[in-house]
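Taking the hints into account, I'd like the entire structure generated from these sequences.
Residue numbers (UniProt numbering), protein chains in the order written: chain Z, 1 to 104; chain V, 1 to 408.
To be clear, the hints were calculated from the coordinates, so they are not data collected in a lab.
Since this is a predicted model, take the numbers as computed values, not measurements.
Certain hints may be false.
Claimed, not checked - Under the rule of at most 30 Å between Cα atoms (straight-line distance), these lysine-lysine pairs were calculated in the DSS-like manner:
| # | chain 1 | residue 1 | chain 2 | residue 2 |
| --- | --- | --- | --- | --- |
| 1 | Z | 27 | Z | 80 |
| 2 | Z | 27 | V | 178 |
| 3 | V | 86 | Z | 75 |
| 4 | V | 178 | V | 139 |
| 5 | V | 162 | V | 57 |
| 6 | Z | 27 | V | 162 |
| 7 | V | 178 | Z | 75 |
| 8 | V | 162 | Z | 80 |
| 9 | Z | 27 | V | 139 |
| 10 | V | 401 | Z | 27 |
| 11 | V | 23 | Z | 80 |
| 12 | V | 401 | Z | 80 |
| 13 | Z | 94 | V | 401 |
| 14 | V | 23 | V | 86 |
| 15 | Z | 80 | V | 47 |
| 16 | Z | 75 | V | 403 |
| 17 | V | 162 | V | 47 |
| 18 | Z | 94 | V | 139 |
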Amino acid sequence: MSGNWIEVCATGDIDEEDVMRFDHHGKTFAVYRSPDDEFFATDGLCTHEHIHLADGLVMDEIIECPKHNGRFNYKTGEAKGAPVCVNLNTYPVKVEGGTVFISI
Amino acid sequence: MAHYVIIGAGECGTRAAFGLREKGFGDEVTLIGSEPVAPYERPPLSKAGLAGALQPKFIAAPERYAESSIHLRTDATAINLDVRNKIVTLADGAIIAYDKLLLATGARARPFPGMPESSACIRSLRTHHDAMALHHMLKPGRHIAIIGGGFIGLEVAATARKLGADVTVLEGLERILKRGVPEVIADAVCARHRVEGVRIRCGVSIESLNEADEKAVITLAAGDVVEADLVLVGIGARPNVELAEKAGIAIENGIAVNAQLQTSALDVFAAGDCCSFPLDIYSGIRVRLESWRNAQEQGNLAAANMLGTGEAVSAVPWFWSDQYDMTLQIAGLAEGAVTHLRRDLGDGAFILFHLDETGRLIAASGIGPGNAVARDIRLAEMLIAARACPDPAALTTSHVKLKSLLAA
Chain Z
1 MSGNWIEVCA TGDIDEEDVM RFDHHGKTFA VYRSPDDEFF ATDGLCTHEH IHLADGLVMD
61 EIIECPKHNG RFNYKTGEAK GAPVCVNLNT YPVKVEGGTV FISI
Chain V
1 MAHYVIIGAG ECGTRAAFGL REKGFGDEVT LIGSEPVAPY ERPPLSKAGL AGALQPKFIA
61 APERYAESSI HLRTDATAIN LDVRNKIVTL ADGAIIAYDK LLLATGARAR PFPGMPESSA
121 CIRSLRTHHD AMALHHMLKP GRHIAIIGGG FIGLEVAATA RKLGADVTVL EGLERILKRG
181 VPEVIADAVC ARHRVEGVRI RCGVSIESLN EADEKAVITL AAGDVVEADL VLVGIGARPN
241 VELAEKAGIA IENGIAVNAQ LQTSALDVFA AGDCCSFPLD IYSGIRVRLE SWRNAQEQGN
301 LAAANMLGTG EAVSAVPWFW SDQYDMTLQI AGLAEGAVTH LRRDLGDGAF ILFHLDETGR
361 LIAASGIGPG NAVARDIRLA EMLIAARACP DPAALTTSHV KLKSLLAA
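Here's what the structure looks like:
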């Protein structure tokens with residue numbers, strides 16, 4: 001690949017409505033697969049206490065932090081109420097030849 | 001213009017104040033807190049906060065109160081509540097009239113009988129001030145004795161070891177974490193503490209606790225004496241009910257509220273650690289919960305009900321504790337369980353599912369490194385809320401996703 005697209009994994013490595021942790025150059029991302037087979041990526045750490053979101057639960061477009069149940073919309077990064085109030089950054093994702101790439 | 005007043009600026013009261021604004025309340029909101037600092041998160045006090053973060057972790061940036069038109073009064077203590085005339089009196093003489101009131105007065109550390117009220121070497125842990133005082137005493141070479149093998153005591157034990165102190169835990173019951181934690185999980189916690197060098201003595205009866213020559217001296221009924229540079233008393237908490245009790249509000253293991261968090265007084269609500277409430281999913285049993293999540297959820301619920309929505313408490317109780325690299329999480333109440341099923345998740349992480357005699361899942365308890373058990377405990381919580389009777393084989397087979405059981 002050229003440009004700033006970074007290879008993450010094969011599409012089959014992430015289950016439907018699930019999340020995977022992806023580390024790159026000291027930064028952690030969370031990469032999601034929706035029930036309708038779309039892929040998304042956000043920062044990987046909760047903005048409340050920097051917990052890995054990939055250990056959390058994905059359901060109905062929401063990633064929920066495993067520690068304090070902070071919730072974000074994984075498609076938009078929007079914080080969905082206390083204890084989190086700072087949104088997650090989101091990153092472009094594309095799938096080519098069964099491989100997931102994110103643009104950082 | 002209506003004036004809604006919240007007494008208690010902990011997690012619950014603060015959440016309620018912002019909850020009122022988030023739900024569209026545009027009139028006056030006053031939040032009264034007895035501590036001198038803006039509202040802060042309490043869970044870190046026995047964990048990371050004690051280990052090094054000297055600044056409180058604020059629930060909201062201090063400027064957000066003014067931005068949200070919330071009148072935050074710190075260092076202010078309510079000393080009288082007149083529910084007939086709807087007036088609160090503060091210690092400084094200020095009189096505040098309310099239209100609706102929320103009591104989110106929390107709980108305070110239960111003292112050890114005979115424990116001195118003020119002592120450099122015998123302390124409790126409830127506030128940021130307490131944590132800072134402890135922080136300065138947890139150092140290599142110091143001996144810390146902890147009375148009580150509950151969450152607070154064990155979290156401080158783990159933090160104290162991390163800071164190099166020598167630690168002894170004294171528990172009166174036959175094992176640690178007797179309240180609400182299954183024995184097999186308590187055993188795992190106990191084993192880890194022992195590996196880390198903590199001395200844990202269970203079944204000990206303490207005859208006296210004194211200080212002498214800047215040391216604390218614990219005399220055990222068996223006759224031996226434990227000397228320590230610091231004693232932390234972690235034997236539970238007492239709900240702060242005095243203000244409500246004096247006002248004639250019904251008390252029952254805390255301020256008694258109904259499922260909508262209403263007290264026996266008109267337009268007075270109570271929420272969080274200070275109140276007991278009926279829990280519908282457990283046949284209406286009345287409980288009082290001391291937990292961060294409960295404080296948050298009830299703060300939000302109280303705000304909604306102060307605005308007249310009439311919503312009932314429906315949340316499943318949920319607790320967690322961090323010690324070393326382990327996290328322990330519990331969803332639901334396991335009393336009444338007759339079947340306990342185990343799901344192993346690898347790396348020593350496991351979950352116990354607790355079922356009643358009908359096969360209904362009523363609680364789940366898990367422990368493991370990091371957040372290994374978090375997702376499954378969260379799903380178990382949803383199954384408990386749904387009053388599900390999951391297939392036992394599916395619960396114990398780790399490759400069967402619990403999420404799939406939600407749809408069943």
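Evaluation of the provided hints:
1. 27(Z) x 80(Z): holds, 23 Å
2. 27(Z) x 178(V): violated, 41 Å
3. 86(V) x 75(Z): violated, 47 Å
4. 178(V) x 139(V): Distance ~29 Å between residue 178(V) and residue 139(V) Cα, so the pair holds.
5. 162(V) x 57(V): Roughly 21 Å separates the two Cα atoms, so the pair holds.
6. 27(Z) x 162(V): holds, 27 Å
7. 178(V) x 75(Z): Violated: residue 178(V) and residue 75(Z) sit about 43 Å apart, past 30 Å.
8. 162(V) x 80(Z): violated, 35 Å
9. 27(Z) x 139(V): Roughly 33 Å between the alpha carbons, so the hint for residue 27(Z) and residue 139(V) is violated.
10. 401(V) x 27(Z): Roughly 29 Å separates the two Cα atoms, so the pair holds.
11. 23(V) x 80(Z): holds, 14 Å
12. 401(V) x 80(Z): holds, 26 Å
13. 94(Z) x 401(V): Status holds; Cα separation ~27 Å.
14. 23(V) x 86(V): Measuring from Cα to Cα gives roughly 24 Å; hence the hint holds.
15. 80(Z) x 47(V): holds, 26 Å
16. 75(Z) x 403(V): OK: residue 75(Z) and residue 403(V) at ~21 Å, within 30 Å.
17. 162(V) x 47(V): Roughly 10 Å between the alpha carbons, so the hint for residue 162(V) and residue 47(V) holds.
18. 94(Z) x 139(V): violated, 52 Å
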